[in-house]
Amino acid sequence: MGLTGFLTVSAVLFTLGLVIFISRKNTIAILMGVELMLNAAALNFVAFARFTPSQASQLDGQIFAVFIILLAAAEAVVALAIALSVYKNLHQIGADKLASLKG
Amino acid sequence: MVNTLPYLSFIPAHVLMGFAILFFFLAKAVPFLRRLPASLIFFLVMAGAFWLETMGSGSKAVFFDMIQVDSYSRLYNQIFFIAIAVTILMMVNNDEINEEINWEIYGLLATVCLGMMLMTSATNLLMTVVAIELVSIPSYVLVALNRKLPVSKEASLKYVLFGSFAAGIMVYGMSLIFGLTGTLDFAGLWKGLGAYSSAGTAIYFLAILMTISGMVFKIAAVPFHFWCPDAYQAAPTPITAFLSTAPKVAGLALLMRFFSYHLTIQKADLTLILSILAMATMTIGNLAALRQSDIKRMLAYSSISHAGFLLMGIAVLNATGRGVVFFYIPIYLLMNLGAFMAVIYLSQGDRFDIASYAGMVKKKPLLVVGFTVCLFSLAGLPPFAGFIGKFYLFKVVIEEGLYLLAVVAAVNSVISLFYYIGVIKVMIIDTEDRPSKDVQAGGFPVVFVTACAISIVFFGLYWVPLLNWADKVRLLF
Numbered sequence: 055m056g057l058t059g060f061l062t063v064s065a066v067l068f069t070l071g072l073v074i075f076i077s078r079k080n081t082i083a084i085l086m087g088v089e090l091m092l093n094a095a096a097l098n099f100v101a102f103a104r105f106t107p108s109q110a111s112q113l114d115g116q117i118f119a120v121f122i123i124l125l126a127a128a129e130a131v132v133a134l135a136i137a138l139s140v141y142k143n144l145h146q147i148g149a150d151k152l153a154s155l156k157g
Numbered sequence: 114m115v116n117t118l119p120y121l122s123f124i125p126a127h128v129l130m131g132f133a134i135l136f137f138f139l140a141k142a143v144p145f146l147r148r149l150p151a152s153l154i155f156f157l158v159m160a161g162a163f164w165l166e167t168m169g170s171g172s173k174a175v176f177f178d179m180i181q182v183d184s185y186s187r188l189y190n191q192i193f194f195i196a197i198a199v200t201i202l203m204m205v206n207n208d209e210i211n212e213e214i215n216w217e218i219y220g221l222l223a224t225v226c227l228g229m230m231l232m233t234s235a236t237n238l239l240m241t242v243v244a245i246e247l248v249s250i251p252s253y254v255l256v257a258l259n260r261k262l263p264v265s266k267e268a269s270l271k272y273v274l275f276g277s278f279a280a281g282i283m284v285y286g287m288s289l290i291f292g293l294t295g296t297l298d299f300a301g302l303w304k305g306l307g308a309y310s311s312a313g314t315a316i317y318f319l320a321i322l323m324t325i326s327g328m329v330f331k332i333a334a335v336p337f338h339f340w341c342p343d344a345y346q347a348a349p350t351p352i353t354a355f356l357s358t359a360p361k362v363a364g365l366a367l368l369m370r371f372f373s374y375h376l377t378i379q380k381a382d383l384t385l386i387l388s389i390l391a392m393a394t395m396t397i398g399n400l401a402a403l404r405q406s407d408i409k410r411m412l413a414y415s416s417i418s419h420a421g422f423l424l425m426g427i428a429v430l431n432a433t434g435r436g437v438v439f440f441y442i443p444i445y446l447l448m449n450l451g452a453f454m455a456v457i458y459l460s461q462g463d464r465f466d467i468a469s470y471a472g473m474v475k476k477k478p479l480l481v482v483g484f485t486v487c488l489f490s491l492a493g494l495p496p497f498a499g500f501i502g503k504f505y506l507f508k509v510v511i512e513e514g515l516y517l518l519a520v521v522a523a524v525n526s527v528i529s530l531f532y533y534i535g536v537i538k539v540m541i542i543d544t545e546d547r548p549s550k551d552v553q554a555g556g557f558p559v560v561f562v563t564a565c566a567i568s569i570v571f572f573g574l575y576w577v578p579l580l581n582w583a584d585k586v587r588l589l590f
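One line per chain: the protein sequences are F and A, in this order.
To convert, count from 1 in the first sequence and add 54; that's my numbering.
To convert, count from 1 in the second sequence and add 113; that's my numbering.
These aren't lab readings, by the way, just hints derived from the structure by calculation.
Model, not experiment: these values are computed from the prediction.
Incorrect hints may appear among the rest.
Stated by the list, open to error - Here are the simulated BS3-like cross-link-like pairs (lysine-lysine), alpha carbons at most 30 Å apart as the crow flies:
#1 A/K141 x F/K142
#2 A/K585 x A/K304
#3 F/K151 x A/K173
#4 A/K141 x A/K304
#5 A/K585 x F/K142
#6 A/K538 x A/K173
#7 A/K508 x F/K79
#8 A/K475 x A/K261
#9 A/K380 x A/K508
#10 A/K380 x A/K476
#11 A/K475 x A/K380
#12 A/K476 x A/K585
Claimed, not checked - To be clear about the criterion: a stretch of chain F counts as covered by chain A if any three or more of its residues have a C-beta under 8 Å from a C-beta of chain A, and this derived list gives those stretches:
#13 74 to 84
#14 88 to 100
#15 118 to 131
#16 139 to 147
Unchecked claim - The following residues of chain A were derived to be distant from chain F, with all beta-carbon distances above 10 Å:
#17 K271
#18 K304
#19 V527
Ideal placement from N, C-alpha and C gives every residue a C-beta, glycine not left out.
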C-alpha cells in the first residue's frame with residue numbers, strides 16, 4: 055500500500071469523526087468522534103514520515119504522532135471527568151438536553 | 114544525547130513557573146506547607162517571574178529551535194503575569210470559588226501561564242500544539258469550579274468538546290502542512306508552501322485554515338466562538354475575567370508569530386483570509402451582544418468582537434500592525450479587568466442579569482462611574498484609551514489599503530455603542546422597581562475599578578508611554 059492508501063484511510067477516518075461530532079447526541083459518542091479525528095491526523099503524520107522523510111530530521115512525523123496520542127489521552131481524561139460530574143449533577147449527558155445556558 | 118540544561122538559563126521565568134506548578138500540586142499533600150497563604154505565594158511567584166522577564170535581553174532560539182526567546186515573547190509574558198496577578202486579587206475578593214481548593218486552582222493557573230509563555234515563543238508546530246493544549250486543558254477545569262452555579266459543569270463540558278474538536282482539526286491541518294513541506298518549523302513551512310507548485314490551490318488553503326483553527330479557537334473568533342458565551346457566563350467571575358484577557362492575548366501573539374514568517378508572494382491571500390475572519394468575528398460578536406440580558410454573556414460577546422478588532426492589526430501582516438496590536442492589549446486588559454471587577458461587586462450574590470443593576474448609581478456611585486468609564490472605553494469613545502487603541506488599528510488598516518475592513522469595523526464600533534450604553538442607562542437612569550439588599554463591597558474593588566478608570570482616562574489623553582512600550586516589541590530582537 056502506497057502513500058495514497060494511507061491518506062485515503064485517514065481522510066475517511068477524519069470525515070467519519072467530523073460527521074459523528076456534528077450528528078451524534080450523546081456526549082461520549084461525540085468524544086469518540088474527536089478521538090477519530092485526532093487519530094486520523096496521527097496516521098497522516100506517520101504515513102508522511104515513512105514515505106516523504108524530511109531532510110532535516112527524519113523522526114519529526116513519528117514524534118508528532120506520539121504527541122497526538124498523549125494529547126488524545128489527556129483530553130479524554132479531562133473530558134470524561136467533566137462528563138461524570140455533569141452526570142452527577144444533572145443526571146444526563148445528552149448534548150441536546152444540556153441547554154440551560156442560552157442566548 | 115544533547116544536553117538541554119544550559120538552555121534553561123535563557124528561560125528563567127519558565128523554570129520558575131515549572132517549580133510553581135510542582136509546588137502547588139505537591140504542597141497540598143504536605144500538612145506543614147498547606148497552612149501557608151497560597152494566594153500570597155502565587156502573587157510573589159508572579160512578581161518574581163515579571164522581574165525575571167524584565168531582566169532578560171537579546172534573542173535566542175532554544176530547545177532545538179522550537180522556542181524563540183526575544184523581546185516580543187518577554188513583553189507578552191509580562192502582560193500575562195500582570196493579568197494573573199489581578200486575577201488572584203479578584204479571587205481573594207470573590208466567593209464563587211471554594212477557598213479550600215485554592216492550591217489546586219493556583220496549580221492550574223500556573224500551568225495555563227506556562228502554556229501561554231510557550232505560546233508567545235513557539236516557532237514550531239509541535240510546540241504550538243503542546244502550548245495550546247497546556248492552556249486549554251486546565252481552562253476546561255477552571256470553568257467548572259463555580260460552586261454557586263452547578264450549570265458551570267455543563268458549560269465546561271461544551272468547552273471541552275469544542276476545544277478538542279478544534280484541536281483535532283488543527284493537528285489534521287498540521288499533518289497536511291507536514292506532508293506538503295516536510296518540516297514543522299514556522300520559517301521552513303512558509304518557505305515550503307511558497308515553493309510548492311500548486312500554491313493557491315484548495316489543499317494549500319485547507320492546510321493553512323485548518324492549522325490556524327486551534328489559535329482561532331483560543332482567541333474565540335468566528336467560527337470557533339460557540340463555547341465562549343456559555344463558558345464565560347457560568348465560570349467563576351475572576352476566571353471569566355482571566356479567560357477573556359490572557360489566553361486571548363496569547364492566541365493573538367501566537368498567530369502573529371506564525372504569520373510573521375510568510376513570504377511576500379503569500380501576503381495577499383493571507384491578508385484576505387485574516388480580513389474575512391476579522392470582519393465575520395466583529396460582526397457576529399456585536400450582533401449577538403445586542404440581545405443579551407446577562408452582563409457576563411454580553412461581555413463575552415463584546416470580547417469576541419474585540420478579538421475581531423485585534424485581528425485587524427494582524428491582517429496587515431507587518432511590524433507596524435504587530436506593534437499596534439501590542440499597543441491595544443494593555444488598554445484592553447485595563448478595560449476588561451476593570452469591567453469584570455465592577456461586575457463582581459455590582460452583582461448581588463449570583464444575579465448577573467443587567468436589569469438587576471437598576472438604580473445602582475445611588476448605592477455605589479464611585480464604582481458605577483468607574484464601570485461606566487470602562488464601558489465607554491470598550492465602545493471606543495474619546496477621550497478614553499479604547500478610542501486611541503482603535504484609532505491606531507484603523508490607521509494601519511487604511512495605510513495598507515484595506516478599506517472594506519475599515520468600513521466594516523467602523524460600522525461595528527457604532528453598533529457596539531448600543532449595548533454598552535444600554536447597561537449604563539440601566540445603572541444610571543432607570544430606578545429600582547423594588548428595593549434589594551445593599552451591595553456588600555469593601556474598599557478594594559472600588560479602589561481597583563477607580564484605578565482602572567483613571568489609567569484609561571490618562572492613557573486616553575497621554576498615550577506616549579504605551580507607544581514607547583509597544584515600540585520595544587520586536588520579533589527576533
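Cross-check of the supplied hints:
| no. | hint | result |
| --- | --- | --- |
| 1 | A/K141 x F/K142 | holds, 25 Å |
| 2 | A/K585 x A/K304 | holds, 27 Å |
| 3 | F/K151 x A/K173 | violated, 51 Å |
| 4 | A/K141 x A/K304 | violated, 49 Å |
| 5 | A/K585 x F/K142 | violated, 51 Å |
| 6 | A/K538 x A/K173 | violated, 52 Å |
| 7 | A/K508 x F/K79 | violated, 47 Å |
| 8 | A/K475 x A/K261 | holds, 27 Å |
| 9 | A/K380 x A/K508 | holds, 19 Å |
| 10 | A/K380 x A/K476 | violated, 54 Å |
| 11 | A/K475 x A/K380 | violated, 54 Å |
| 12 | A/K476 x A/K585 | violated, 43 Å |
| 13 | 74 to 84 | holds (count 3) |
| 14 | 88 to 100 | holds (count 8) |
| 15 | 118 to 131 | holds (count 6) |
| 16 | 139 to 147 | holds (count 5) |
| 17 | K271 | violated, 7 Å |
| 18 | K304 | holds, 12 Å |
| 19 | V527 | holds, 22 Å |
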